[in-house]
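Engineer: Here's the letter readout for the chains.
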Amino acid sequence: MTLLKEDLRSRLDQVGEVDIVVGIPSFNNERTIAHVVRAVAGGLAKYFPDRKSVIVNSDGGSTDGTREAVMGADVDHDSLLLVSHKVPTIQRISTPYHGIPGKGSAFRTIFAVTERLNAKACVVVDSDLRSITPHWVELLAAPVLDRGFDYIAPFYLRHKYDGTITNSIIYPMTRTLFGRRIRQPIGGDFGLSGKVASRFLTKDVWETDVARYGIDIWMTLTAMAEDFRVGQSYLGAKLHDAKDPGADLTAMFRQVVSSLFGLMETYEAVWQKVGSSEPVPMFGLPFDVGLEPIPVDVERMKRAYQQGLRDLDGIYRSFLSPSTMEGLVAAAREPGEGFRVPDALWVRLVYEFAAAYHGRLLDRDHLLQSLIPLYLGRTGSFVLDVQIADAVKVEEQIESLAREFEAQKPYLLECWSAPSKRR
Amino acid sequence: MHGILEKTILEPFERLAQQIAQVVPVLVTVFFILLVGGALAYLVRRLTHGALVLLKFDRLVAGTGISGAIERTALFGSPSEFGARVAQGTVWVFIVLFALSAAGTQVTDALVARFVNYIPDFVTAVLVLLLGSAVSKFLSRSALLAAVNAQWAEARFIAGSVRVLLMSLTVVVALEQLRIGRTALLVSFAILFAGIVIAGAIAFGLGGRDLAREWLQSRIQRQPPAEKDPLQHL
Chain A
1 MTLLKEDLRS RLDQVGEVDI VVGIPSFNNE RTIAHVVRAV AGGLAKYFPD RKSVIVNSDG
61 GSTDGTREAV MGADVDHDSL LLVSHKVPTI QRISTPYHGI PGKGSAFRTI FAVTERLNAK
121 ACVVVDSDLR SITPHWVELL AAPVLDRGFD YIAPFYLRHK YDGTITNSII YPMTRTLFGR
181 RIRQPIGGDF GLSGKVASRF LTKDVWETDV ARYGIDIWMT LTAMAEDFRV GQSYLGAKLH
241 DAKDPGADLT AMFRQVVSSL FGLMETYEAV WQKVGSSEPV PMFGLPFDVG LEPIPVDVER
301 MKRAYQQGLR DLDGIYRSFL SPSTMEGLVA AAREPGEGFR VPDALWVRLV YEFAAAYHGR
361 LLDRDHLLQS LIPLYLGRTG SFVLDVQIAD AVKVEEQIES LAREFEAQKP YLLECWSAPS
421 KRR
Chain B
1001 MHGILEKTIL EPFERLAQQI AQVVPVLVTV FFILLVGGAL AYLVRRLTHG ALVLLKFDRL
1061 VAGTGISGAI ERTALFGSPS EFGARVAQGT VWVFIVLFAL SAAGTQVTDA LVARFVNYIP
1121 DFVTAVLVLL LGSAVSKFLS RSALLAAVNA QWAEARFIAG SVRVLLMSLT VVVALEQLRI
1181 GRTALLVSFA ILFAGIVIAG AIAFGLGGRD LAREWLQSRI QRQPPAEKDP LQHL
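Chains as they are written, first to last, in our numbering: chain A, 1 to 423; chain B, 1001 to 1234.
Rather than coming from a laboratory, the hints here were simulated on the basis of the structure. Just so you know, even glycine gets a beta-carbon here, dropped at the ideal spot from N, CA and C. There may be inaccurate statements among the hints.
Here are the computed distance ranges between Cβ atoms for each label pair [stated by the list, open to error]:
no., chain 1, residue 1, chain 2, residue 2, range
1, A, Q272, B, D1121, 46 to 54 Å
2, B, V1126, A, D64, 53 to 61 Å
3, B, A1153, A, A330, 20 to 28 Å
4, A, A330, B, V1123, 48 to 56 Å
Put together the whole structure using the sequences plus the hints.
Structural biologist: In structure tokens:
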């Protein structure tokens, strides 16, 4: 095992075998990491007092005192490991859609530690969390330790306008492709079995863009595609530090959607056989928390959609089917509050984009960028649909969209097998 | 009398006959080369078309812009047909050169030599044009997408400007390679480019003085970051 340095290996050998490894990847998280470490240490002490555990902070070369903040946290230092992972300069400039730059390298190090310590469970949490409580550790680790689950995804309570990429593309697509209804496949905090961590380590993605920018969705989809026992845990609201790099929509959108489309190619043989979906077990008791209202400018989204259709018409017509184009143009003509991008049209659109990505009908980066104005239009349409709806109604709406994705799966298969035939 | 007749009439005829006897085989050879060459060029066209159809060439170039350009000319039915015609034309060029070379006169030899020496420059110019066209299309599309996603109203104008500037540069480089109007072209391009820049600067400065001032102020003074959509998309 050359991934871990000699001194770390010696340290791990001194530790011996453990039950739980909690990994905290970090990069310049001085403000929040001490709170995260304390919450994790508290969770381990409260919920797993008889289990041997270790906390691993894998840092990507912070310059702001993150390491000092970790060491300063009031916890048992014998169970605290500080390691570092390499982050190429380019990754510091082009940050991933979720979490820290070099998160893939951090995860790899944490999984290697998990394997070396022969841990039964590994929990990974973001270092910029403000809402983490000790209970999160239990919710993510207990299903693995006590119930034999291999992969636990988080389930956060979110405002109805939040998580629109997840709600309109990622959740319905992953559910349709792999038949498991994991509501938030790219949450950022996970619980894994040692077996899954070892399996992830065998994959050759660690030097690729998948590890650099799309590690969260890669892990969830890999766990589903390789038929591991997956579940989800209700963690309440997720609040994190304001410097979330995901603020740049274009970069974030490209990274997450390209990860999804790329994984569709990797697991083509798997998802093509899946015909329906089923819920996955949910752990934890859902409770209501107050969420800050979010002001959304629907007119701006609609303008983005209309401009996209006007200025990118030639690009769209080069790979979208005529009927989809017709639907998009008709939607753009709807005035004011009547503006809608219907579910069926949106599903066809996403499938045709996925097929065009697969068939390389356009430069892939250009293809993904050209989807953004249409996505904004769909988001605006969704906001108009649910503006007076409560959380239950919103969830029903998302479920209805997911069912539409499933119903149109034969169309995806048709497009996928002949990407250019649609034009 | 007999001697005069022989000298004035028969001898010139004999000389003409001898000259014709020398030229006719050459003409027959040239005619034969053109005839066989024509058949060969036709064969090459058919074979190339068949091969391109077999290789699904039309689909391969579908997204590159070549396809659209070919369709717009309305001269060729498809990119495969265009490719086949190019192959046929190339064969024809070499056949004509071969035929001229077979004529064996000073003028044709010089012409052939000049043409052959010109081929590398011509090929380079074609490659420059093809590469320039592909690069300008790619960069103009990148600019278009970036501008649309930034919701700039002038997105198409920006993309078109990028395309025109890059293609202008490409054409100048290609013509420079072909040694056509070197100085005049370079000077024209420099004047055109400088003119565009100056016109843009004047238009920005005069037409949008307030905008220019605000922009400069924003560059010099530190401004708070622009308000972003509070929505968490993930």
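Engineer: Take a look at whether the Cβ-Cβ distance between A330 of chain A and V1123 of chain B falls inside 48 to 56 Å.
Structural biologist: This hint holds: roughly 49 Å between Cβ atoms.
Engineer: Q272 of chain A and D1121 of chain B, beta-carbon distance inside 46 to 54 Å?
Structural biologist: Check passed, 53 Å falls within 46 to 54 Å.
Engineer: Does the Cβ-Cβ separation between A1153 of chain B and A330 of chain A fall within 20 to 28 Å?
Structural biologist: 23 Å, holds
Engineer: Take the C-beta atom of V1126 of chain B and the C-beta atom of D64 of chain A, compute their distance, and say whether it sits inside 53 to 61 Å.
Structural biologist: This hint holds: roughly 55 Å between Cβ atoms.
The structure agrees with every numbered hint stated previously.
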